[in-house]
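With the hints as constraints, model all of the structure from the sequences given.
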Amino acid sequence: MCWGPQPLKSGSKSKEIKHRVNGLPAILGGRFTSRDNGTVAEKEQTMATTEATLPKLSNGLNGHIEEIAAVELTGAEIVCKALEAEGVDIVFGYPGGAVIPLYDALPRAGFHHVLTRFEQWAALAADGYARATGKVGVCMATSGPGATNLVTGLANAQLDSVPVVAITGQVVQPLIGKDAFQECDITGITLPVTKHNYLVTRIQDIAPTIKEAFYLAKSGRPGPVLVDIPKSLFVSRMIYKPGKLRDRRGYQPTTSPNMRQVKLAAEAMNKAEKPIFMAGHGILLSGAEESFAALVEKTGIPVAFTLLGQGSYPESQPLALGLMGMHGHREVNKALDEADLLVNIGARFDDRATGKVSGFAPNAKIVHVDIDPAEIGKNVETKVPVVGDAKEVLDLLVDLVDERRHDEWISWIESQRNFVLEAALEDRPETPEPYTIIKAIAEATRGKAIYATDVGQHQMWAAQHLGLDHPNNWLTSGGLGTMGYGLPAAVGAKIGCPDKEVWAICGDGGFQMSLNELATCVQEGIDVKIAVLNNGYLGMVRQWQDLFHGKNYSEVKINGPDFVKLAEAYGVTGIRVETDAELLPAIQRARETPGTVVVEFIIEPEANVWPIVPQGASNSEMLHQYEDK
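Quick note, in our numbering, the sequence shown goes up one by one and the last residue is 610.
Hints are supplied without guarantee of correctness; some may be wrong.
Each pair of labels, with its calculated beta carbon distance range [what the hints assert, rightly or not]:
1. Leu381 / Gly268: 19 to 25 Å
2. Arg385 / Thr236: 26 to 32 Å
3. Gly462 / Gly169: 20 to 26 Å
Simulated pairs of lysine-lysine, DSBU-like, Cα-Cα distance not exceeding 30 Å [said to hold, decoys possible]:
4. Lys315 / Lys255
5. Lys255 / Lys372
6. Lys315 / Lys372
7. Lys225 / Lys199
8. Lys255 / Lys364
Hints are computed from structural coordinates only; laboratory data are not their basis. Glycine is no exception: its CB is placed at the ideal position from the N, C-alpha and C atoms.
This is the structure:
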C-alpha cells in the first residue's frame, strides 16, 4: 500500500519512509513495500476486481439520485482517468517496457502526449510548462534508465519550487527487489530531489495516490512528486472509483500568517530610511504580482530581484532596481550594503544572491516572508520571520504600512550606477555584442514573449538586459543550473501557451545537449525561436578559468556542427548572424518565419559577463573590467 500505515506482510520487507515537506517532517507515504512474493499482490488484485456493490452517486440537483454503472478499468486506464480528473491536458514522456500498458491506454485518454527525445527533456519540458501556465507539469518514463533519466529534471524542479508530477513504471511486483531487467529503486533514488514520492502496491491506490500527488505538488511550497507504479498493476483490472484526498496529518502547510509578525514587519517598513525589497520566486508562485506592486507603490521601497524573482514587478518602473547578487548590477549590490532594512519576499537567500553571508546586507534588519518555515533563518539571520503565502501576507501588509517616499535614498542608489560600463556596452563592435543581442530580442518582442534560457554566460546576459516586465515569461534553471534546460523548457512553454511568442536563448554548449528536441518541435508542429550565442567555448567555465585560474583553459574549447545545416537537417529554418548589421534583420526574419527557427549569433569568443562576484567573496567585492578608477 502506498499511503497510510499497514501491517507488515508475510514474505515482504517494508520500511517506513519519512520525508521533509516544507521543512516539516511528515509520514506521507506510510509503509512502502520494497519486496513482494506475488501471492499477496495477486490476492489483493483479485479482491479489488470482485467488489460486489455498484456505486450510487447523488448528482446534487433537487435531491435526485442518479445510478452510475460500474466501470471496470485496467490500472493504466485508471492512471489516465486520474490525470483527467486533475485537469491534465498535456503530458511529456518517452515509452519503454514497464509502461507499454500505460502507453496502450494513452490514445483513448483525454489529454495529449508529447514524445520528447530524452526523458530528462520530458521532465524539463514539464517544468517549463508548469512555470509558463501555472499548472502542474506532468512527465512519464519507464523503469530503470527511463526513470533515472528524470532525476536531473526533478532536482531542477525541487530547487526552483516548480510543481511537477512524474509517473514512472516499475517492474512487475513479484520481481521487485530481485534485480530484474531495468529495475531500480527510483523512490529511494529520488527521495532527496522530490517533495515526496510513492511506490504504489495496490491497484485501488492508484487514483487516490495520483490525486494526493497533485495536491502535494501544488500546495504549500510547490515541488515535484513522483509516483512509481509496477507494470503488473497497469494490466490488473478493478471497478474504477475517482480518487479522494485522505487525511494528511503530517502535512499542514501554513498559508495564513501570524498577525503579530505581520504587524512587526509593517512597523519595520514604516520606520526604515533605507529599505529594499528582495523579490523572490515565491511572489510569482503565489500569484501575488498585483499585491506586491500595490505594496511597492504605497511604501516607495525600491526592488532588487533574485534570478527567479524577475517579472514579479515590472523592471521598467522607477522603483525597480534590477538583478542582485553574483552578476547583479553594481548599484543594486551597493544599495544592499547601505540598506537599513531588507524585506525578503519568497526567496531563499541563495548563495548566488547573497555572496558571503557575513558580508551580506551588513547594516540591514532582515524581514523574511516565506511559506516554508525551514527557509527562515537557514542562511541569513532573520529578525522578523513571517511564515505564510506571499499573497496573503502582502495583502495584509498593504493595509498596515504608511504611504511614503524615499527620494533621497533612491537618488543615492541611482548615483552608484556604473556609467562607464553602460557607455562601453553601447560601443558596438563588428561582432555582435552579447548584450546587444539580448536587448534586440527584447525590443523586437516588446518584452511580451516567453524567454527560456539555458545555463551559462548567455543566461546572465539575458537576466541583466531583457528588462522583464511581465510575470511568468522568464524560465531559467536557477538553483540547479541545468545545462540543456532552454530548449525543452521552451517546448513545454509553447505547448502550454500556444498563443504566446517563445524564445529559447542558449549557448552553443548547452544547445548541443538538448538540440535533439528540434525533432519534437517538428513532430508537434510548434513555433519556437532559438537564439544560439556561439562563442566556441563553455563560456562561464572559461571565464572562471580566465579570472581565477590563471587563464588555464582546461577542456572548455568546444566545437560544434554547422548549426544552420543542422537546423535544415531537422527540417527547420537556420540563420547565421556574424555582423552587427545582420542582427535586427535576422531577428525579424525569424519572427516572420512560420515554425521553429534557429538563429546562430557568432560572438566574441572571450567575452565575459560583468560584473562578477568571486565565489566566497561579499557582493561588495564584485569585479568589473570597466571599473571607473
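**Asked** Checked against the structure, which of the hints given earlier come out wrong?
**Response** none
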